[in-house]
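*Asks:* Residue numbers (this note's numbering), protein chains in the order written: chain A, 1 to 351; chain B, 1 to 351.
Worth flagging that the hints you see were computed from the coordinates, not collected in a lab.
Treat each hint with caution, since some may be false.
The list treats identical chains as interchangeable, and a pair is accepted whether it falls inside one copy or across any two copies.
As the list claims (entries may be wrong) - Straight-line alpha carbon distances no greater than 30 Å define the calculated DSS-like cross-link-like pairs of lysine-lysine that follow:
1. Lys-205 with Lys-330
2. Lys-330 with Lys-281
3. Lys-205 with Lys-281
4. Lys-4 with Lys-205
5. Lys-205 with Lys-316
6. Lys-330 with Lys-316
7. Lys-110 with Lys-136
8. Lys-205 with Lys-110
9. Lys-281 with Lys-316
10. Lys-330 with Lys-110
In this text the structure is predicted, and so the values were computed from the model without any measurement.
There are 2 protein chains.
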Amino acid sequence: MRHKTRQVMVGDVPIGAGAPITVQSMTNTDTRDSAATSAQVEALASAGCDIVRVAVPDQEAATALSAIVAHSPVPIVADIHFDHRLALEALQAGVHKLRLNPGNIGSEAKVLEVVRAAQERSVPIRIGVNSGSVSKPLLERYGRTATAMVESALEHIAIFERLNFYDIVVSLKATDVAMTVEAYEELSRRASYPTHLGITEAGTKWFGTVKSAAGLGALLSRGLGDTLRVSLTADPVEEVKVGWAILSALELRRRGPVFISCPTCGRTEIDLEGIAGEVEKRLSDFPLPITIAIMGCIVNGPGEARHADLGITGGKGLGLVFRHGQILRKVPEGELVDALVEEANNLLAER
Amino acid sequence: MRHKTRQVMVGDVPIGAGAPITVQSMTNTDTRDSAATSAQVEALASAGCDIVRVAVPDQEAATALSAIVAHSPVPIVADIHFDHRLALEALQAGVHKLRLNPGNIGSEAKVLEVVRAAQERSVPIRIGVNSGSVSKPLLERYGRTATAMVESALEHIAIFERLNFYDIVVSLKATDVAMTVEAYEELSRRASYPTHLGITEAGTKWFGTVKSAAGLGALLSRGLGDTLRVSLTADPVEEVKVGWAILSALELRRRGPVFISCPTCGRTEIDLEGIAGEVEKRLSDFPLPITIAIMGCIVNGPGEARHADLGITGGKGLGLVFRHGQILRKVPEGELVDALVEEANNLLAER
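All chains should be built: construct the whole structure from the sequences, respecting the hints.
*Replies:* The following block contains the structure:
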C-alpha cells in the first residue's frame, strides 16, 4: 500500500496521491547551451523520462530556459541554489517546477516573491534536504540522524506554509540507505507532501545501478515515494532506464517489455546468455508492456513460463516459440531470435 | 536490526544468528564433468562466493561429487530433487549442505534415512519453497498467497522436527517481489530458522541485476535474510559480484572497494564517466574495503567526499588526488588514474 500524500501538478504530470510514480533525470549539458540541453531533454523524454531537471547556476542559464522549455516535450524543473532572482526568472521562462530550499535564499520577503510568482503559475517547489546540508543547530540537537533531516525538511516546509504555499514535494537524501529509509518513514508520519526519492552519490554506472535499485527497492516496497531519480555517473538516459527497470521489477509501473529467464544450469544446451542478451537488445524499445521469457530447458521451459506473453526455448538444434505456454512454432535454433521478434510484431499488429 | 535466527554451520561457514550474510551461487557446468565443475567452483570462490551449490540430477552427478568436494576451497551444497538415494550419496561424498524438500522424497522412512545421515555429519538442509510448487490443498485453502508459501515451508519443517532435525535453512521464492517480502516477513514471525534469499526468474543480466537488487534491498533493509543468491542468466561469477555489491550498498558486508561518484552535471569539465569506469576496472580486485570517490568538481569535490578514504577530481587539465579530503598530489589530468592506483597501493603497503 502506497502512503497517502497530497498531489501536485508539474505541468500536466501529477506527483502524489496515488498517481503513477514518475521517473526523473537531470541534464548534464551546460544549460547555457540551450541547443545541446534541448537535444538531451529530447533524448531523455524518448527514453521515458517524465520530468527533466536542469541546473540554473547563473543568469545566462536562466536566460536559456525559455528556449529549453519551449522545445521540451516534458515538464522542466529548474534547480536553483541561493539566488531568488534566478528562481523568478525561471518561473518567467515557464518552468513547471522549482527545486529550491526556502531557508537558503535569504529574507522572508524574497521567499514571498518566489512563492507568489510560483502560485500565479501553479508551479510546485521541491525542497531537497541532504544529510550533508543540515544546519548546525539541528545537527547539535539531533546528531547526524534521520530525525535531523526530517526536522530540516519541516523547517523549510514551515516557511512555505506560513506563506500559504502547499504545492510542495520533499526529498531526503542521506549517504546511507538505512538512514534514507528511516528518514522517509519518519517524514511520512509527520507530513503528507509527496516525496521524491533518490540515493545520493550512488556512484559508477554498475555499482550505482545496484545501489540505487537496492535503496529504492527498500523505499518503494514500503509504499514510500511518488517520484524518483536514479543518479549515476553516466549518460542520464541510463538513469531513466534504470528507474524504469526498478519500477518494473517491483511491478509498480511498466514501460515496454520485461524479460525473464532462468539462470543457466547443467541442463542448458544453448547459449542462453548470448540469446537473452540479443533478445533484450532487439526488443528493449518494443512498445507493449509484455513479459518475454527466455528459457534454457525445452522440456519445462514453456510450462514454467506460461505466465509470459511470449517466450522461446531451445534444445539441441531445435527452438520453440511459445505464447502463454502454447507452442506457436518450431524453428532451427539459429532462427529463434528472429522468430521471436516476428511474433512480438504480430502481437503488436493484433492490439 | 536483523531478525534473530538459529545458526547452522555449512562446513566452517555459519549461516544465521547474526553471522555475516553469505553470498552463494550455483555452478552451471555439467556436474558429471567434475573437472569443469571444480574449475567453476574455484572461479566462484575467487570472486568471493562463500558457498557453492551444484545440481545433482542423477547417479553419475552424485558420483562426481567426491572429487568436486575434495578440490573445493569453499563448502559445497548438493541440490537434490525427489530421489533420497542421491541425497545419501551426496552426504557420503562429503557435501556440506543439502537442498531438499522432505515432503517431496516419499515415505517418512526415506526422510529418516537422509536425516540420520545428515545428523551424523552435521550437515544442514535447506527447504526451498517456491510459489509455483505449493501443493494443491494449500493453494485451495490459502490461494496464491504468501501464507500458502509459509504454510508449505512449515509442513516441510514439521517433517524434520518430528525426526528431531533442526539444522534447517528456509527459502521462499515468489515470482513477484511484494509477495516474496510478505512471505519472509510472515515466516520470521512464525519460525526462527535462518533464511536464504533470492528473487526467482530475475532474468537477463542487466534487468536481473536491477530486479535482484531491488528485491533483495527490500528484504535485507527489513533485517530479513541470513544468506543470499542472486540468480542471473549469466556467468555465475556475475551473480557473486552483484551479491556483494548489494551487501556493500546496504553497508551490511564489504569486500574490496566501494566507488562513489557524483552524477555528471553542467559543471563537470572532465570525462567523469570514462575515468570512473577505468578506476572501477583497475581497482575492482583491490583487497581493502575502502571507499574511493571520483568527483567531477575540483572546487567542492575533495570536501564533499571527505568521508572517502581516497579520491580524485579533475578540472581543466589539472587533477587532484585526495585522502579523507586532504589533497595529496596535483597531477596532469591524464595521469589521474595512475596516481590514484599508486596511492591505493601505498595505502595497502601501510596497512
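*Asks:* Give a verdict on every hint.
*Replies:* Here is how each hint holds up against the structure:
In this assembly of identical chains, Lys-205 and Lys-330 lie within 30 Å of each other by CA distance solely across copies; the values are 26 Å between and 39 Å within a copy. Taking CA atoms no more than 30 Å apart as the test, Lys-330 paired with Lys-281 passes inside one copy only; the shortest distance there is 23 Å, against 42 Å between copies. Taking the closest pair of Cα atoms, Lys-205 and Lys-281 come within 30 Å of each other both inside a single copy (18 Å) and across two copies (12 Å). Within a single copy, Lys-4 and Lys-205 get their C-alpha atoms no closer than 33 Å, and across copies no closer than 35 Å, so neither meets the 30 Å cut-off.
Taking CA atoms no more than 30 Å apart as the test, Lys-205 paired with Lys-316 passes between copies only; the shortest distance there is 23 Å, against 37 Å inside one copy. Taking CA atoms no more than 30 Å apart as the test, Lys-330 paired with Lys-316 passes inside one copy only; the shortest distance there is 12 Å, against 59 Å between copies. Only within a single protomer do Lys-110 and Lys-136 lie at most 30 Å apart by alpha-carbon distance; the minimum there is 23 Å, versus 67 Å between protomers. With identical chains, the CA atoms of Lys-205 and Lys-110 are never at most 30 Å apart, being 39 Å at best within one copy and 50 Å at best between copies.
Proximity of Lys-281 to Lys-316 under the C-alpha cut-off of 30 Å is restricted to the intra-copy arrangement: shortest distance 24 Å within a copy versus 37 Å between copies. Proximity of Lys-330 and Lys-110 under a CA criterion of 30 Å is satisfied in neither setting, with 70 Å inside one chain copy and 41 Å between copies.
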